[in-house]
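For reference, the chains in residue letters:
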Amino acid sequence: MSKQPVSRRQFLNYTLMGVGGFMAAGMLMPMVRFAIDPVLAEGAAGEFQTTNQKVDELTSTPVRVDFSYEQQDAWYTSEVTETAWVYKDENGEVVALSPICKHLGCTVNWEGDNHKNQFYCPCHGGLYEKNGNNVPGTPPTAPLDKYPTKVKDGFLQLGKPEPQTIA
Amino acid sequence: MNWNGKDVESYKQQKEYIDTAIMPLAPVSFGAEMKEAASQYEFIQLLTMLLEKQFKGRTLLLPPFSYQSKKREEDKIAALNSWSEELREAEFKHIFYFTSDSGWKLVEDKLDGTLIWVPSVPLEHMEPSYKYSLIEEQAKQFINIIAHKWQQ
Chain A
1 MSKQPVSRRQ FLNYTLMGVG GFMAAGMLMP MVRFAIDPVL AEGAAGEFQT TNQKVDELTS
61 TPVRVDFSYE QQDAWYTSEV TETAWVYKDE NGEVVALSPI CKHLGCTVNW EGDNHKNQFY
121 CPCHGGLYEK NGNNVPGTPP TAPLDKYPTK VKDGFLQLGK PEPQTIA
Chain B
1001 MNWNGKDVES YKQQKEYIDT AIMPLAPVSF GAEMKEAASQ YEFIQLLTML LEKQFKGRTL
1061 LLPPFSYQSK KREEDKIAAL NSWSEELREA EFKHIFYFTS DSGWKLVEDK LDGTLIWVPS
1121 VPLEHMEPSY KYSLIEEQAK QFINIIAHKW QQ
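Residue numbers (my numbering), protein chains in the order written: chain A, 1 to 167; chain B, 1001 to 1152.
Below, simulated SDA-like cross-link-like pairs (lysine to any residue); rule was C-alpha separation at most 20 Å, straight line:
id: 1; chain 1: B; residue 1: K1053; chain 2: A; residue 2: T83
id: 2; chain 1: B; residue 1: K1015; chain 2: A; residue 2: G105
id: 3; chain 1: B; residue 1: K1053; chain 2: A; residue 2: Q71
id: 4; chain 1: B; residue 1: K1015; chain 2: B; residue 2: K1093
id: 5; chain 1: A; residue 1: K146; chain 2: A; residue 2: E93
id: 6; chain 1: B; residue 1: K1149; chain 2: B; residue 2: E1091
id: 7; chain 1: B; residue 1: K1149; chain 2: A; residue 2: G112
id: 8; chain 1: B; residue 1: K1149; chain 2: B; residue 2: L1062
id: 9; chain 1: A; residue 1: K130; chain 2: A; residue 2: N109
id: 10; chain 1: B; residue 1: K1053; chain 2: B; residue 2: D1007
id: 11; chain 1: B; residue 1: K1149; chain 2: A; residue 2: D113
id: 12; chain 1: A; residue 1: K160; chain 2: B; residue 2: K1053
id: 13; chain 1: B; residue 1: K1006; chain 2: A; residue 2: G105
If you are wondering where the hints come from, they were derived from the structure by calculation, not from laboratory data.
Could you build the full structure based on these sequences and the hints that come with them?
Shown next as structure tokens:
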């Protein structure tokens, strides 16, 4: 019997330790996973949506950029399409403006109805400067919202539109 | 504006700016034309949704006027004219009807409002991206028609 390297007591100890270890790990793993989950998720989802507009191709003339993503609202999943007017300002910075009129929410157009160098709202004749500031004397009372922008692999990414303050 | 609580609330506050009603006309039938009617409705629904998005601040998109295809023409016209009467009372200056049912085209002059007849495109087997660009192309023409009507 002395040749046997493991005694009954040792065997039971090892087994209990092993099983206990697995149980502890089984409990701790999900906790750790939950704790670090926000760190891992950020890169994957984020708030920014990628468009198929190449940043190199942007000029000082605003162009329409459409992008769509899936939005889930309780049981209802829908594809949302959003639009931005995007151009490069004189410093070469990318500017992306929301086309939603601040008056009652129509879609504004660049140089619509022959308004040179302005955004025009066809509903009630609202006008905005190129930088999004509303032209006094027209119905809108605030500048167009601005999208935060990012560049990824040469493509433009847009976040959630934020209100602008008059510069 | 859409036909929901939130938009109707802003309609009530900004009534003087919202003078245009858009109403889809949707035939319903369970016979041979059932699929065609459903597919037309799908198309008209997407189109009017897009127009509402474009002209949110001046238009109210109403629930569709649905009717049985087999009903007599005179009854349909009377039912629709009763709607336009109520819309005029509610101070809508412009009324647009959108439909793919060619029956309306023949009786256009008996209606109070602008009838826009669009031959529908079967969308059921289309790629989503292609579908949206097609609807957008169509909508562009109607954007001009509506903007033109406003300027008159």
